[in-house]
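Whenever a hint applies, use it, and build me the whole structure from the sequences.
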Amino acid sequence: MNRQVSSITRLAATALLLGIAAVGCTGQAGAGAGRPAGSTPTTRPGPAVRTVPTLAATPIDSTAPSATTASGGTAGPGATADPLDGQLSNLEDLLNGVNSSLSGSNAGPSGGE
Amino acid sequence: MKSRIVTLLASLAIGSSLVFVSAGSTAATSPPAGPSGKGVCATEAAALKPASIDTLRAFGDCEINRRFTTLSDLSSRITASKAMTPSDASALQSEISSTRSGLSGLKATVDAETSMPVLKLDIVRIATDYRVYLLLLPQVNLVNAADAVTFAQAKFATINTNLTARIAAAAAAGKDTTAAQADLGAMNASVAAAVGLASPLPAQLLPLTPAQYNGGTAGPILSTARAALGRARDDLKSAIADAKACRDALK
Numbered sequence: 020m021n022r023q024v025s026s027i028t029r030l031a032a033t034a035l036l037l038g039i040a041a042v043g044c045t046g047q048a049g050a051g052a053g054r055p056a057g058s059t060p061t062t063r064p065g066p067a068v069r070t071v072p073t074l075a076a077t078p079i080d081s082t083a084p085s086a087t088t089a090s091g092g093t094a095g096p097g098a099t100a101d102p103l104d105g106q107l108s109n110l111e112d113l114l115n116g117v118n119s120s121l122s123g124s125n126a127g128p129s130g131g132e
Numbered sequence: 170m171k172s173r174i175v176t177l178l179a180s181l182a183i184g185s186s187l188v189f190v191s192a193g194s195t196a197a198t199s200p201p202a203g204p205s206g207k208g209v210c211a212t213e214a215a216a217l218k219p220a221s222i223d224t225l226r227a228f229g230d231c232e233i234n235r236r237f238t239t240l241s242d243l244s245s246r247i248t249a250s251k252a253m254t255p256s257d258a259s260a261l262q263s264e265i266s267s268t269r270s271g272l273s274g275l276k277a278t279v280d281a282e283t284s285m286p287v288l289k290l291d292i293v294r295i296a297t298d299y300r301v302y303l304l305l306l307p308q309v310n311l312v313n314a315a316d317a318v319t320f321a322q323a324k325f326a327t328i329n330t331n332l333t334a335r336i337a338a339a340a341a342a343g344k345d346t347t348a349a350q351a352d353l354g355a356m357n358a359s360v361a362a363a364v365g366l367a368s369p370l371p372a373q374l375l376p377l378t379p380a381q382y383n384g385g386t387a388g389p390i391l392s393t394a395r396a397a398l399g400r401a402r403d404d405l406k407s408a409i410a411d412a413k414a415c416r417d418a419l420k
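Those protein sequences? They're chains A and B, same order as listed.
Heads up: the first sequence begins at 20 in the working numbering, then just goes up one per residue.
Heads up: the second sequence begins at 170 in the working numbering, then just goes up one per residue.
Everything labelled a hint here was simulated from the structure, so no lab data went into it.
Model, not experiment: these values are computed from the prediction.
Warning: the hint list may mix true and false statements.
If you want the ones that stay clear, here's a sample from chain B, every Cβ over 12 angstroms from chain A, calculated [claimed, not checked]: (1) G274; (2) E282; (3) S392.
The following label-pair restraints were derived from C-beta to C-beta distances [to be verified]: (4) A:E111 x B:S392: 22 to 28 angstroms; (5) A:E111 x B:S241: 27 to 33 angstroms; (6) B:V287 x A:E111: 18 to 24 angstroms; (7) B:T333 x A:E111: 19 to 25 angstroms.
Here a beta-carbon is modelled for each residue, glycine too, at the ideal position from N, C-alpha and C.
Written as structure tokens, this is what we have:
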């Protein structure tokens, strides 16, 4: 009797572990898609814990565009760096080059002719 | 994941642009310093009192050598310039090469000269026959600046395309784009004005010769070009401000 109870317990435990593993795999492949409401990766035991670093990277990434947005980039969540910023920055550098050339066009103290 | 890839690509694009721009900044010419400067031959100049063949020759050699240094510097800057057109770069490199060749010949003359009065005339020729500092150096700098202004036109064309698309999108979304359109129009007008000022200059500057400088005709052309490029620079500055204002008006 005890042996039967023990077998059933082991079977139930194995089934539970397999179930948890399956849920964990689904969570990794779908990046949380189809996750039950209210369930968070951090509360999931066992294999699901391995999904935490992957999922945790998403909010870290999403903060980068926010910082860019603050400096004049395209608004909205998930926005990337505004290429216009880089283009304008290039032009400002080009303008500095024009200034340097204009300054250098005066022989000044290096002349002596 | 997709947004991460997009972010990475955008970062690489900006990084590449910065590499390009830093190369362009390096290419920007500036006054020669250090070994090519005026003070380099101060010791030799002081030794001319009283002048002798040896002191005159030492002074002449020093003056020629500092010009060699300046010519090498100018040549390197032309090679490194991302804004200068290949034809302008070729013309200036050719001028530098012939100047170097001429000065090498003059150095041989100076080193062999035994007559003091003739040696004095030879030393005067170091400046008057080549005008490295009063003509060639400004030519390189001004042509580089003029080409940079023209080079900027293509960059502004890209920005114009970008902002035009944004204005269209904002208008389609029902936003008032009047201010943005005015800013974009002002940007394009400033760019056109800058390019109009700068683009004729290389053709005016490149043919100038030391003889024209000595005759008084090259100097005013250099001054006029310098003034025009100052205005072109201001126009580009305004154009950048207009582009930013346009972008901000659409936020």
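Looking back at the hints listed earlier, which ones does the structure fail to meet? As far as the earlier hints go, 3, 6 are violated by this structure, in ascending order.
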